[in-house]
Structures are given as C-alpha cells and as structure tokens.
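Letter 237 of the sequence shown, counting from 1, is numbered 961 in our numbering, and no numbers are missing.
Hints may contain errors.
[Claimed, not checked] Cβ pair distances, simulated, as ranges:
id : residue 1 : residue 2 : range
1  : P1075     : W1231     : 52 to 62 angstroms
2  : M1244     : Q963      : 27 to 37 angstroms
3  : P1321     : D1138     : 37 to 47 angstroms
4  : W805      : P867      : 28 to 38 angstroms
5  : D1138     : A1294     : 54 to 64 angstroms
These are computed hints drawn from the structure, not numbers from a lab. Owing to the predicted nature of the structure, the values given are computational and were not obtained by experimental measurement. Here a beta-carbon is modelled for each residue, glycine too, at the ideal position from N, C-alpha and C.
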Amino acid sequence: MSTSVNPQPSPDRYCDIVMKGGITSGVVYPPAVVELSKTYTFRNIGGTSAGAIAAAVTAAAEYGRQTGKDGFPKVVELPRWLGGTASNGRGSNLFFLFQPQAQTRSLFRVVIAGIGNKRAKMLRILLAVTVNFPLYALLGALPGLLLGYLAYTRFLVWWTVLSAALVFLIGIIGVSAWGLYRKLTTAVPRNGFGICSGFVNSKAGKPLSLTPWLSRLVNQLAGMAEQGPPLTFGHLWQQTKSDDERKINLQMLTTNLTHGRPYRLPFAENFFYFDPAEFRQFFPEEVVQWMETHPRETDNPDKYNPLRPFPAAKDLPVVVATRLSLSFPVLLSAIPLYAMDYGRKNPEEHPPDKCWFSDGGICSNFPVHFFDSALPRWPTFAINLRPFHPDYDTPVWMPDRNVGGITEWWTRFDQGSGSQQLFGFAGAILNAMQNWMDNSQTHLPGYRDRVAHVSLDDTKEGGLNLNMPPDVISALSERGREAGQMLAGRFTSPPDQLVLSWDNHRWVRYRSVLQLLQQMFNDIDDSFTNTMAGEQSYADLIRRNRGAAPNSYNWLNRRQQNFADAATQALLQLAQNWRTQGSTDDSATFGGDVPNPRPELRVRPPI
C-alpha cells in the first residue's frame, strides 16, 4: 500500500463525504477517503459514531494538506497500525483502544467472550461469568458441594450424585450471574453508563486508550504538536467573513438522552456547561485545559462554579465533538454536560441540570442528509456499511443505472432456533427505530447513485468485533479502498462514457426538486384561495394594520409588509400559471415521468 504524497486535486473540485457508524467497522474508511482525496478537496465532512472518528481524521488530514503538511499519507497507514500488535504484545492496537476501567474490567471480559463466532457463544459467556466473578461462583458452589458431601457419606446412589452435580452447576451459574448483575447495575452507572470511558492514563510504553490516541492522531494529521493545544473547528473553518466561507466544514451527530433528541455538532445554539473534573475522566489534560481557558462568552462565566461554559463552536476541540458522537451504549460511557431547565417554576434558583450525551447513531447512524442542497454544486458522497446479500457475495457495490439501489434491503430474523428468532425480532425492532430515516433516504433519487455499500460479515468483521485479526482488518481496508475508487470515479468520467454522470445526477435532482416545488405551490395556492368561513384570509393577515390581532411576529416596518405582499402575490401567480398550463396534461409542467420514489417537502426542526 503506497504512502506517497497524494497529488493535489483541482482547487475547484470539491466533494462532501458522510460516513456511517459501526464501532470497529470504521477501519473501512481511511483507505476510502485517501482514494477520494486524490481527486477531490473535501469541503464538508460528516459522520456519526465510528463514522465521526473517520470524519475527524479526514478533516484533520485535509487541514494539514491545505496548510502545507499533507496528512493523507499517514491516513493510509491507519488500518495497518490498527491491526498491528500493541506495545504490550497482548493484542492488537485496535483492541487496546477500548480499555475498561478497573471497576468494569470483569464486565469487559464477559463482553469479549460473547464476541465473534456464534458457535459455543453461550458456553463461552457462562465460563467468562464464572471465572470473572470467582467469589460469587464459590458461594454458588457451596450448596452443591455440601449436597455432594452428604451423598458421598450417607446416600451414595446415582440420583443423589446427579442432584448434587445439578445443584453445583446451577448454583455456580446462578450466583455468578447475580454477581454480574450487581456489577452491571453499580459500576456501569458510576462509570458514565459505560464499561469503557475511552480514557485511561497509560504509563510510558503502554498502549494508548481511545481518546488520547485520537487526540494525538488528529493533531498529528493536522500538522500540529501531538500533545499541544488541540485542533479546533475554528482551525478547520479558516474563515474570514462568514460561515459560508468555511474551508472545511466538519459536522457530527450526538444524542442527548436527557432531552430525547439528536444534536448536531458543533452546537448551533450553545447553552451548555461542563465540569472540568468530570471531563478529566474522559479527555487528556491538554484538551480540558484548553476548554477551561476558552469558555464561550457569558455575562458571568463563574456563576455556576465549578461548572464552566462549554466553548463556542470555533473553540471546540474536534476530539471532544468526536467523543460526544462516539459513545456506543454500555460499551463506551456517555458524556455529561449541563444546561438550565427553563421548564421549572423558578429556573434561576436552580443550578444547571445534567444532560447525558450518547452515541449519535442512536438517532441517525447514517446521516446521509448532511450537507445536501436542493440543487448541488458538487457531489456529496456517502459510504454505507451493511451485511452481505444472501444471493451475492459482492463486497463493495454501487448502483450503475438510475433505478439501481431502489429495492428494499431485507432483515430476515424469522429463521433459526426459537431463541435466535426472538433475539432477531428484538434486533429488527431496534434496527427499524434507529435506521428507518436513513434507510428511506438512501432509496431516493439523487441519493442512491452516490452511496457506496460495503458488505460485512457481522460474525467476525466490524461492529463489536474488537479483537479482529490483522488479515480481517486488511480485508476490510481493501474494501474501503475499492469503495473510495468507485466514488472517485462516479462523477469524473466523461458524460458519454458513464450513464450515472455528474450531469445525470444534477438532472435527476432538478427533476425531483421541481416536481416537489410544483406540488408545494399548488398547496399554497389552495390555502390562499380557499379561506374557511369565519377566518381571515392570508391576504388579510399580510395586510392587517400594526396592532391588529394576531400580535405575534409582526412586520418590522411598512416596507417589509409591502415586500411580503408583493412577493406572495408573485408566488401565487406562478403557482396559478403552472396549474393552468398543466390542468389537462402533466407533460405541460413538471409532472409525468419523474424520478421515483417521490420525496416529500416538509418543514422539520433543525438538528
């Protein structure tokens, strides 16, 4: 695998990239983004969960390239390093990124026992529970040992020996499981509802845990001191006047479990606080010190000591946003922030309440909608991770025609034993809850032709397979390289040599969007021209005198009111013209043979 410096892409050939979550499946992404970097300059970069790590790495490498220190040659080497042997010689570097705390180490060993091949999985888990909770196992064994002793000394017959053996086994398993439950319900909540916090103070020569490794890697790729001040979003933006001039726009997704909704990172509306002492359990000292010395502007930053105002977007370290997005439930701890609860009677009398932020993939594991505009100026690529198709063993796939990728992806859970079907049913429910929006979005015209699908065998590849051997990691990285090559070639071939050209993509988006606008204009026209009895018309609402009801969101002045009235009338006239022209024939307007499935245009809250 070459590590030579990438050729500098055309300065006006931009692309966006969005990457899906999947814990260790993220080893697919480094070779993919390197292949894309040979053709494109990354303008917008997004991801969630493990995809957030890849997004941070890509943004840092792009920043390094734009500031004279190309980081992409180092990105090429990431899969090889992840599959390499850790400095303690007891596993891969990838495995040791997920280091548990001392109080959760026994739980981590049980989790590891359940990973991988399904054969004998339950037996492996039971043995791990017994071995890692020896006091409970011994306590559970006592009744069986006592019964065995009595059987040996008084009633030495086959049924007494069998009874003693059953009591012995059931006791060990049952009481060990009780110990597991107690540890799970005490140590995990105390550790931020996770087995691994992502941060362990490593001694010299010992493997780095996730957050220190990522913090140093991001700085290194950006051409900054590894343990110096962290790379921030302000570095990436390199802006001079407005947000539209951001050189590199990095965005991620996190889930605020306390508020029950996703938040986009960096926060658009920042009203959060953080506790430096708590953050030192999750992040290296240089990162926390930066945050302490760069609070967002407030009237009184010391008002809620020891809490500090969370940094403004431009001062937020990239590694902090990445870790907020990457908090796979139970495996990785959630991150606490604080905010005022203005729903209380007297909110100012209460200090900020704790909000728990967990994995962005809980709400959207594949935010392919990031960065999209109605009519794109440059492509937004995406990399999807999914199981192999039952009839095809294609490791990497992209549609090669307009209707490609339109079929549904099936989750077959009603096969195997009864327990497998039941757990499969539960998994299918979680999958639908988590991915329904992303799955629907990737079927849309103008979306599906720019998504590369990488297939994984979930029994041994990606996901929770923390201990993947080097050959598996190498195979996944090769699929990532192939996906990157497919994406890079998708819109760069001459239009007459490729059905799904860039012009074709733009044309599909245009046809789809204009049909949506036609439907929206028709709906607006209907609402304006058909006022219900007893209601003011929309025209009356626009033209009402200042002070007349309703009294909310009034016009700033008469000039604004006149503009609104004239603009609305022009819009209605356009809608009526379109409707008249197409009253008898869809071919007279934007109807007819439009790309399918037809999307919907709707108002939704920002994320």
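Tested hints:
In this structure the supplied range 52 to 62 angstroms holds for P1075 paired with W1231, their Cβ-Cβ distance being about 56 angstroms. Separated by about 33 angstroms at the C-beta atoms, M1244 and Q963 satisfy the suggested range of 27 to 37 angstroms. Taking 37 to 47 angstroms as the suggested C-beta distance range, the pair P1321 and D1138 does not conform, at roughly 26 angstroms. Between W805 and P867 the Cβ separation comes to about 51 angstroms, which falls outside the hinted range of 28 to 38 angstroms.
Roughly 56 angstroms separates the CB atoms of D1138 and A1294, a value that falls within the hinted 54 to 64 angstroms.
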